[in-house]
Amino acid sequence: MPFIDFFNFQPKNELEKGGRQSAPIAQDDNEPAKTCPNCHRQIPLSQLWGNDHCCTNCDYHFRMNSRQRVSFLTDSGSFSEMYAGLCADDFLSFPGYPKKLETTRNASRETEAVICGTARIDGRECCLFVMEPYFMMGSMGVAVGEKITRIFEYAVENRLPVVGCTVSGGARMQEGMLSLMQMAKVSGAVKRHSDAGLLYITLITDPTTGGVTASFAMAGDIILAEPGATIGFAGARVIEQTTRKKLPQGFQTSEFLLSHGFVDAIVPRAQQRKTIGSLLKLHSGGAENG
Amino acid sequence: MAENTAYDRVKAARANNRPTGKDYINALVDNFIELHGDRRFADDPAIVGGVGWLGGIAVTVIAIEKGRGARDRITRNFGAPNPEGYRKALRLMKQAEKFRRPVVCFVDTSGAYCGIEAEERGQGQAIAENLMEMMTLKTPIISVLVGEGGSGGALALAVADEVWMLENSIYSVISPEGCASILWKDSAKAADAAQSLKLTAQDALEMGIIERVLPEKELGREGFYSVLRAELCAKLEELEILPAPELTEIRYRRFRALGAQQLAGE
Ligand SMILES: [Zn+2]
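From first to last, the protein sequence lines are chains L and P.
The first sequence begins at 1 in our numbering and counts up by one.
The second sequence begins at 1 in our numbering and counts up by one.
Quick caveat, the hints were computed from the structure, so don't treat them as lab data.
Backbone N, C-alpha and C define an ideal beta-carbon position, used for all residues, glycine too.
Pulled from the structure, derived: some chain L residues nowhere near chain P, Cβ distances all over 12 Å:
#, residue
1, THR35
2, PHE72
3, SER80
4, GLY277
In silico BS3-like cross-links for lysine-lysine, where the CA-CA straight-line distance does not exceed 27 Å:
#, chain 1, residue 1, chain 2, residue 2
5, L, LYS245, P, LYS185
6, P, LYS235, L, LYS191
7, L, LYS99, P, LYS185
8, P, LYS185, L, LYS100
9, L, LYS99, P, LYS189
10, L, LYS100, P, LYS189
Generate coordinates for the entire structure from the input sequences, incorporating the hints supplied.
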């Protein structure tokens with residue numbers, strides 16, 4: 001059974017910066033491969049894809065874009081996207097933002113940093129939002145806040161549970177104070193959904209930090225995390241600069257949060273669909289009683 | 001006199017001689033009794049909370065306190081709260097809800113503390129819980145930003161029915177220095193970043209993030225406090241009439257609307 005050496009685990013993602021752009025088409029006999037950031041083996045892409053984007057040697061969980069995550073998590077063909085056209089605008093005339101949006105849209109082929117909709121997971125109907133690491137690292141601006149708020153409101157109207165997969169560097173600085181306000185706005189929608197007696201499951205993936213950690217990532221009834229993900233409020237470098245202390249080993253990993261009582265369970269990718277499906281089934285009575 | 005730049009206001013918001021959270025409590029609240037601790041881990045000196053009289057109204061008051069003088073500042077962690085500070089604030093807000101007291105918050109922080117122990121004790125979770133619970137708290141809340149409104153650490157005490165800002169206070173998603181070092185790899189360009197971030201009270205008013213900008217002409221003097229006290233009391237009396245479901249519905253819609261005008265596409 002492969003396992004991750006969590007004590008020496010150093011999440012490194014520079015290899016994947018190209019996002020889906022880097023999803024290559026084999027052009028010669030040498031099958032393209034990715035180097036595992038954890039065990040440094042070369043893993044042929046076909047093997048990686050056949051293994052839910054996990055290293056076949058050490059089970060390191062490679063970063064996944066939002067569409068890949070939807071397709072591996074939900075029942076085939078069940079995802080119906082909503083609010084796909086909502087996106088951000090450079091309303092503050094912020095330096096470099098239009099260029100940044102253009103670059104990130106080309107790299108991710110997404111219009112915004114989250115996709116939302118309805119889907120079935122293991123036969124169970126739910127609302128789903130999945131943040132996009134290749135779009136400004138899941139940065140939360142007004143469009144992200146609006147889309148997630150709407151999906152919670154839709155879930156209340158239709159008495160559906162919400163499954164949310166988070167990945168984010170936090171609030172989007174280029175949208176100023178209004179991006180900060182999205183934390184409150186989404187939290188309000190999550191609270192209403194909760195008060196309606198409905199289930200919210202978060203699946204926290206690498207990395208989830210800043211304003212997303214300090215709002216809807218940590219607001220789930222049940223909080224699941226992928227193995228080895230970086231999860232925190234402040235960035236590690238900021239903490240080092242502020243405290244001038246050396247950070248403990250494994251600081252701000254999923255395993256660190258589990259041991260400190262802030263996540264319910266760490267669920268490897270191979271078990272996520274089954275686990276989330278079972279939880280949805282277990283709570284399905286609540287929808288009728290609520 | 002030239003108009004103040006955004007960075008002038010940042011400097012004014014951080015000025016050491018500016019009134020701090022406790023100054024507001026002392027000047028505005030009669031018979032203040034401080035209530036300590038989150039009942040879970042500790043008492044956070046960066047947040048001062050308690051009960052007292054604002055004019056003729058019994059209130060719960062919560063203030064972030066930066067400290068006065070070197071020793072006090074260290075004790076107060078320069079007004080950077082730990083998770084237990086936010087949990088104490090929430091405990092006192094729930095208590096206010098139980099006894100139907102309105103809540104008044106004075107916010108002044110560069111941000112929630114970025115420390116190892118803060119992470120171990122769930123800084124993100126503590127803030128997240130405040131955002132959720134404040135949204136449906138069944139009693140009026142007014143938050144006044146009196147100095148720095150540093151990101152999520154400030155927002156965690158500012159999910160309110162009305163949010164007011166002093167003329168030279170700021171409200172920002174990131175510090176201008178942090179923003180400049182990300183944008184231009186140069187924290188010295190903080191003044192440019194401050195301009196770009198639109199972090200002034202006037203900017204917040206125009207974006208619908210706050211209801212009022214309070215003039216600072218007599219900042220720290222009796223005239224200033226008596227006007228502020230009168231305005232707080234008047235607004236609380238208005239809010240207290242509303243039945244709880246209406247109050248929280250309006251509060252939800254207040255935040256729900258933020259960003260809607262700035263969206264593109266559909
Ligand atoms: Zn590996």
